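Novice: This is what each chain is made of:
Number of protein chains: 2
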Amino acid sequence: MTLKFDIHARDGHARSGKIETAHGVFHTPAFMPVGTQASVKAVLPEQLIDLGAEIVLGNTYHLYLRPGLEVIQKFDGLHRFMHWDRPILTDSGGFQVFSLAQLRKMTEEGVQFQSHIDGSRHLLSPEKSIEIQRVLGSDIMMALDECPPGTADRKEVAESLELTTRWLKRCVESPKRDYQSLFGIIQGGMFPDLREKSLEQIAEFDLPGYALGGFSVGEEKSVMRAVMEEIAPKMPENKPRYLMGVGTPEDLVHGINLGIDMFDCVFPTRAARNGVLFTWRGRLHIRRQQYTMDDQPIDPTCQCYTCRNYSLAYLRHLNKAGEINSSVLATVHNLHFYQDLMKACRKAIEAGEWEGFYLERTELAESES
Amino acid sequence: MTLKFDIHARDGHARSGKIETAHGVFHTPAFMPVGTQASVKAVLPEQLIDLGAEIVLGNTYHLYLRPGLEVIQKFDGLHRFMHWDRPILTDSGGFQVFSLAQLRKMTEEGVQFQSHIDGSRHLLSPEKSIEIQRVLGSDIMMALDECPPGTADRKEVAESLELTTRWLKRCVESPKRDYQSLFGIIQGGMFPDLREKSLEQIAEFDLPGYALGGFSVGEEKSVMRAVMEEIAPKMPENKPRYLMGVGTPEDLVHGINLGIDMFDCVFPTRAARNGVLFTWRGRLHIRRQQYTMDDQPIDPTCQCYTCRNYSLAYLRHLNKAGEINSSVLATVHNLHFYQDLMKACRKAIEAGEWEGFYLERTELAESES
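Those protein sequence lines, which keep their order, are chains B and A. Using this note's numbering, you'd call the opening residue of the first sequence number 1 and step up by one each time. Using this note's numbering, you'd call the opening residue of the second sequence number 1001 and step up by one each time.
The set of hints was computed from the structure by calculation and includes no laboratory data. Keep in mind that the hints are not guaranteed to be accurate.
Pairs of lysine-lysine, DSS-like flavour, derived with a Cα cap of 25 Å [claimed, not checked]:
{"id": "1", "chain 1": "A", "residue 1": "Lys1074", "chain 2": "A", "residue 2": "Lys1169"}
{"id": "2", "chain 1": "B", "residue 1": "Lys74", "chain 2": "A", "residue 2": "Lys1320"}
{"id": "3", "chain 1": "B", "residue 1": "Lys4", "chain 2": "B", "residue 2": "Lys18"}
{"id": "4", "chain 1": "B", "residue 1": "Lys320", "chain 2": "A", "residue 2": "Lys1176"}
{"id": "5", "chain 1": "B", "residue 1": "Lys169", "chain 2": "B", "residue 2": "Lys74"}
{"id": "6", "chain 1": "B", "residue 1": "Lys239", "chain 2": "B", "residue 2": "Lys18"}
These stretches of chain A come out as covered by chain B in the derived footprint (C-beta under 8 Å, 3 or more residues) [unchecked claim]:
{"id": "7", "stretch": "1036-1042"}
{"id": "8", "stretch": "1088-1094"}
{"id": "9", "stretch": "1307-1315"}
{"id": "10", "stretch": "1324-1337"}
One side only, chain B facing chain A, incomplete, derived with CB under 7 Å [unchecked claim]:
{"id": "11", "residue": "Phe5"}
{"id": "12", "residue": "Ala42"}
{"id": "13", "residue": "Ala321"}
Treat the numbers as computed from the prediction; the structure is a model and nothing was measured. Yeah, the Cβ is synthetic: ideal placement off N, Cα and C, and Gly gets one too.
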């Protein structure tokens, strides 16, 4: 079986539901912690489950280069290799080739690149991306798309989205495991009409899900939101909608308000390692002097392992001392906060109270910025 | 109450028993993981309990400088601050002043030094060391001793051990919490007669426990063992005997054979972060090419969380990729191995099979070196 998507409740554009995969269910709107190299940085699978994560993301580019397919193949995929038997989504590798790899060369066939690790040469084609994701055995695989730079002009973006559509066809035709679901990616940059054109072409394939790519790549947040407001509500209604690589708690709430169902971002885990912690009252920088003697938890309303057992003073100490447990405890809290936020969104949608919830959250975000 | 020590079984010099403190019991021979800065690097308290640790060590020098006494005082001690409600031993701070601090100046009063963190000036006296440890609220506190360098000559060592004895008197007279037990430290370098002299002076105080300091400070291992063979069996028979800062699995087995009851060392945790893993068949370097495709655990006989859930290939991948979870999983395994080793030693002693066990372990160590 490929995935099964059920929408339980709608409120405005916002939706609450669940997605069933061969490796179990996850609830939407969903935030997927990023496990780039077959490991969500600083947290173990049991901790992920404990903090409420139901699906994680793995990065095709990184895993293809290291440890490589031969190793993952030996474990029959990423699930057993990384000790995570729940749903996994893998990206196509395209975004990282465009952001990390060296000496890229684009052709109709695919993109040639050199590894950022050892300089070795590779070709990432639609067929190759799907082959890698087949070996990884992810539940949801992403089509290879071209990600034009934020500086690309209209003509470049228009050509690029056509290439992405041609590549999608090749992805669709490439062999997959029975249980794997392929999502197509809508490009079109910050041009609403090109976004719409891309959406029309991609939606033709009648895929199990659709994603918005090419956001949060350096554009103004107001521009991103304006374009998203145009395009997100037009995505196929009864299929999961995934906004790739975005972002802050406010971005998530905004995306949900436009009908997005799935998110991923390194932001909460990276912020944790940098001592930035999320709370329902806003962000907090643990290194600040004011926490030196503070025996309260990060957020008294939070039920995460970190808040149940540790004080701000202790967390500040660990951070200042450069202890590994500083990253562990901060990551547990931030990911728990993101999962809590998703739960609160689902609850508000199901209760028909989305608009009030949305306004409250966005007002807080504005008062902070 | 101060501590209560019961010896359950003896076999040769080796002993098996338990120590009761205000924060619970630990079994001897015991290995104490080192939590220098109020955190055992890369493992959480629940993980420590799960892998079998019953007592941890905190470092007075580090905790005094950061976060400082005012912070720890607010939490009424280290236990609540670091979320560890079981036994804690703290050292005197002396060893770190001699190894880490800058611009030291020794006087009868104590040792003046500058912080390695911010250059601030401090005086560590016997009274100050006990005051710090009183605030830390450790179950076992160590007397301040002078640690002469490994290059010190006989005259220097002889004078130094007399100073250590005078300092011990001042430690004994300094106020402590009711439940805290002070251990004295036997010095005397690599001179067996000076060791014996120190032992006689220190034992006069009839303390709840005694330690051997000044080992594993750069001397040849054969010299260390020869001196230990002379002195360890002469330590007070019915009091816990603690060999400070030593060491490898082989060192522990050797110490137990001479009647030592307690050990601490950063070796298993530091080795873990460097990709060196312990097994019953010897050490293993996880970065080696040979583990690239190995789907077996570190040690098939090991029941630790890491061995139950992860392969050598995955651990090698995490290490090569520089993932934080590499340190976490390796530390869990190494500390579990040390606790397992202690359990096996206790079992062999209780079964009257110590000699065979000891010979087998030391033969393995020789075949490895």
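Novice: Would you mind marking each hint as holding or not holding in the structure?
Specialist: Quick rundown of the hints versus the structure:
1. At roughly 29 Å between alpha-carbon atoms, Lys1074 (chain A) and Lys1169 (chain A) are farther apart than 25 Å, so this suggested pair is violated.
2. With a C-alpha separation of about 18 Å, the suggested pairing of Lys74 (chain B) with Lys1320 (chain A) holds against the 25 Å cut-off.
3. A threshold of 25 Å between alpha carbons decides the hint, and for Lys4 (chain B) with Lys18 (chain B) the separation of about 8 Å falls inside it, so the pair holds.
4. A threshold of 25 Å between alpha carbons decides the hint, and for Lys320 (chain B) with Lys1176 (chain A) the separation of about 29 Å lies outside it, so the pair is violated.
5. Annotation: proposed proximity of Lys169 (chain B) to Lys74 (chain B) is violated, straight-line Cα distance about 29 Å (limit 25 Å).
6. Of the supplied pair hints, the one linking Lys239 (chain B) and Lys18 (chain B) holds, its CA atoms being roughly 11 Å apart against a limit of 25 Å.
7. Counting residues of the stretch 1036-1042 of chain A whose C-beta lies closer than 8 Å to any C-beta of chain B gives 5; at least three are required, and the coverage claim holds.
8. For the stretch 1088-1094 of chain A, the assignment as covered by chain B is violated, since 0 residues bring a beta-carbon within under 8 Å of that chain's beta-carbons and 3 are needed.
9. Only when three residues or more bring their CB closer than 8 Å to a CB of chain B does the claim for the stretch 1307-1315 of chain A stand; here the count is 5, and the claim holds.
10. Only when three residues or more bring their CB closer than 8 Å to a CB of chain B does the claim for the stretch 1324-1337 of chain A stand; here the count is 5, and the claim holds.
11. The beta carbon of Phe5 (chain B) is not positioned within 7 Å of any beta carbon in chain A (closest approach about 31 Å), and the interface hint is therefore violated.
12. Given hint, Ala42 (chain B) at the interface with chain A, holds; its Cβ is 4 Å from that chain's nearest Cβ, closer than 7 Å.
13. Interface hint at Ala321 (chain B): satisfied, since its Cβ lies 4 Å from the closest Cβ of chain A, which is below the 7 Å cut-off.
The structure does not agree with the numbered hints 1, 4, 5, 8, 11 stated previously, though it agrees with the rest.
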